[in-house]
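Here is what each chain is made of, one letter per residue.
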Amino acid sequence: MDFLIAILASAVRSGTPVLYATLGEVISERAGVMNLGLEGVMLVGAYTGFAVTKSTGDPWLGLLASFFAGAAITLIHAFLCITLMCNQVVSGLAMVLTGYGLSALLGRSVIGETIAGMTAYKMPFLGDIPFIGPIFFQHNAMVYVSYALIAALCWFLFRTRAGLNLRAVGENPRAADAMGIPVTYIRYFYCMFGGGLAGLGGGYLSVVYAQMWIEGMTAGRGWIAVALVIFGLWNPARAALGAYLFGGVEALQLRMQAMGSSISASLLLTLPYLMTIIVLTIVSIRAGKGILLGAPAALSIPFRREDRD
Amino acid sequence: MIRLKFEPRLDNPAWVNVLIPVAAVVFGLFAGGLLFFILGVNPFEAYWAVLNGAFGSIYGLSEIVTKAIPITLTALAGLICYKMLIWNIGAEGQLCMGAIATVAVVRFFFVDNWAVMFVIMFFAAGIAGGLWGGLAGFLKARWNVNETITTLMLNYVAINISEYFIYGPWKDPMSWGFPFTANFPDAARLWVWGNTRIHAGIFIALAAAMILQVILKRSKWGYEIRVIGENPRAARYGGMDIAKNILLVTFIGGAIAGLAGMGEIAGLHGRMSRGFTMGYGYTGITVAWLSRLSPIYVPLVSFLLGILLVGGDTLQVVMGLPMASIQILQGLILFSVLAAETLSRFRIKIVRVSAGPAEEAK
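Residue numbers (our numbering), protein chains in the order written: chain A, 1 to 309; chain B, 1001 to 1362.
Derived from the structure by calculation, the hints contain no laboratory data.
Even glycine gets a Cβ: it sits at the ideal position worked out from N, Cα and C.
It cannot be assumed that every hint is accurate.
[As the list claims (entries may be wrong)] Partial pick of chain B residues on the chain A-facing surface, computed with a CB cut under 8 Å:
hint	residue
1	Phe1006
2	Leu1139
3	Tyr1156
4	Trp1170
5	Met1174
6	Gly1177
7	Pro1179
8	Asn1183
9	Ile1326
10	Thr1342
[Unchecked claim] Okay, derived cross-link-like pairs now, DSBU-like style, lysine-lysine, Cα gap no bigger than 35 Å in a straight line:
hint	chain 1	residue 1	chain 2	residue 2
11	A	Lys54	A	Lys122
12	B	Lys1220	A	Lys289
13	B	Lys1349	B	Lys1005
14	B	Lys1244	B	Lys1217
15	A	Lys289	B	Lys1244
16	B	Lys1220	B	Lys1244
[Said to hold, decoys possible] Just so you have them, the derived chain B footprint on chain A, three or more residues with Cβ under 8 Å:
hint	region
17	77 to 89
18	226 to 234
19	270 to 279
Throw the hints in and build the complete structure from the sequences for me.
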């Protein structure tokens, strides 16, 4: 039982960076902009968060900086995809290359440095609930922020006027435009907001989770986040479930390594990636049968207001 | 209020095809220089180091060609899929599987005859890479599983499998604990030109570029691929089997990338070591787009990117910058190509609109 609790608790902890990135991508894709560059955005966020935390000594400032760094670098992607109507897949790949290179170049000055990170805080009452408490409510503050974010985004997307506008822009930009919704502006805003969350996910990774900077430290988490958006059917709550599932596989793999399992560490490292493929396949099969809803209709289709002006 | 207006260009003059990649590279390098400057790196010094490393010696020049070989192949691997709008970004993993298969056949089916060995390695690497790419293609064709994600995930899986072999069962007992496999016997090594590191893979790369050019531009099948990519609805009406073609292009693409892996192992290193894939799979994506998806330009563009990579080595040694700084340039060049493509398709006008009448005209 203790073992199970330990695994699930660390599933939440290690799923959280992916969770932030996944939520960001849900928002961006709901508005119709696919950002495959999360891996690069997360790395930029991870470096920025670490460097700012290191120089100010305040992890909160570091995380704030990682959010804005993520949003800022995503502006390139937004400009190419929204204004210049470029291919979103290729632009995303360029984001990965640029973000990786930029963070590696900048990060050479902080290699080997360490920071204090954030301490875990046991929630009053909730943290004492047997089983649930230790799994969900004995973590650092950023985990709690992510819970609030999931709830807030669900409410925002499905219960507010602004959320409806956001979804309209992703489903049918022409109709949205005719209703007077500023399609371009909305796409820019949410694309960059999504990038900001991915940056924050990266920041969590370096500031809270690893408490150091390593070149390429996201190790594919940005890509996994993109896959989890599909798994999550563009719904923040379902996407969160996916992120914890991924975190669980990672936690299990680390635990098996630590216990000196006879299976090679390299082979165990393939597990999260294989699981992502399997999960994605299952979702696709079900979507193909019409059991599940698909992507936003105007996802990755640029909008050109050709008939007007 | 000022707004940008995009009007489609009706004419597409021939010079556009040449000017765009050139202008994009120049702009990308300019933006990269600016970025270096902001980050406190002297851009002139950095580019000088790149040029000096690449062209300062015969060795540098030969190294460019050596790097252009796998890049050409990985670019072709992506290109044939992109033609059909299949986003295969898994050349890195397919190259890796080709390399693993090469090491495997040399370990288990070694024949002391270079010609026989070449054929065995060629097919092993091609089939291994092809199956790795075809796996993602199968999932796409059968259940419409997003191939961008699966090919990318399979990269990480392949790299980890190779490390399993490098650190585990195939580790050279004589390596003093270093992570690499045993050196290949001479009969399993490809031909190498003089005292350079340019190997026989160059012929495979050039042949692949030419064959793909002919297939895509001249054959019925190539026509089918282009139609599916440009107008899938028309292709379906025309009775083209899209699923079959997805399987074919992902298998062939993977096989080509697998051959790059064979070249790296049997031609260049003579053994498999950690990190041998060098990110060539990702560089190939940039090259494919810079070539505007024309196989015939791929070797030339690979050479250009080879300059950057060789220069990147120098950058690391001379200026202490990480190898990944070169990726910034690659990324910026790729952004520029994309932007330039839009500029070639549309005429951009700046129009002044007053809010009032435009709203009424709605």
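We went through each hint and held it up to the structure:
Given hint, B:Phe1006 at the interface with chain A, holds; its Cβ is 6 Å from that chain's nearest Cβ, closer than 8 Å. Satisfaction of the interface hint for B:Leu1139 is found here, the shortest Cβ-Cβ separation to chain A being roughly 6 Å, below the 8 Å cut-off. Against a cut-off of 8 Å between C-beta atoms, the interface hint on B:Tyr1156 holds, since the closest Cβ of chain A lies about 5 Å away. Because the smallest distance between the Cβ of B:Trp1170 and any Cβ of chain A comes to about 12 Å, over 8 Å, the interface hint for this residue is violated.
Because the beta carbon of B:Met1174 sits about 21 Å from the nearest beta carbon in chain A, more than 8 Å, this interface hint is broken. Taking 8 Å as the C-beta cut-off, the interface hint given for B:Gly1177 is violated, the closest approach to chain A being about 16 Å. Interface hint at B:Pro1179: violated, since its Cβ lies 11 Å from the closest Cβ of chain A, which is beyond the 8 Å cut-off. A least Cβ separation of about 22 Å between B:Asn1183 and chain A goes past the 8 Å threshold, and the interface hint is therefore violated.
The closest approach between the C-beta of B:Ile1326 and any C-beta of chain A is roughly 7 Å, which is under the 8 Å cut-off, so the hint is satisfied. Taking 8 Å as the C-beta contact cut-off toward chain A, the hint placing B:Thr1342 at the interface holds, the least distance being around 4 Å. Distance hint between A:Lys54 and A:Lys122 is fulfilled; the C-alpha atoms sit about 25 Å from each other, no more than 35 Å. Between B:Lys1220 and A:Lys289, the direct Cα distance comes to roughly 33 Å. Compliance with the 35 Å bound is thereby established for this hinted pair.
Of the pairs offered as hints, the one joining B:Lys1349 and B:Lys1005 holds, with about 5 Å between alpha carbons and a cut-off of 35 Å not exceeded. Restraint check for B:Lys1244 and B:Lys1217: the C-alpha separation of about 20 Å stays at or below 35 Å, so the hint holds. With a CA separation close to 21 Å, the supplied pair A:Lys289 and B:Lys1244 stays within the 35 Å bound. Using a Cα cut-off of 35 Å, the hinted pair B:Lys1220 and B:Lys1244 holds, with the two alpha carbons roughly 15 Å apart.
With 7 residues bearing a CB less than 8 Å from a CB of chain B, the region 77 to 89 of chain A meets the requirement of three and the coverage assertion stands. Three residues within the 8 Å Cβ limit are the bar, and the region 226 to 234 of chain A against chain B gives 3, so the coverage statement holds. Only residues whose C-beta sits within less than 8 Å of a C-beta in chain B count toward coverage, and the region 270 to 279 of chain A has 5 of them, enough to reach three; the restraint holds.
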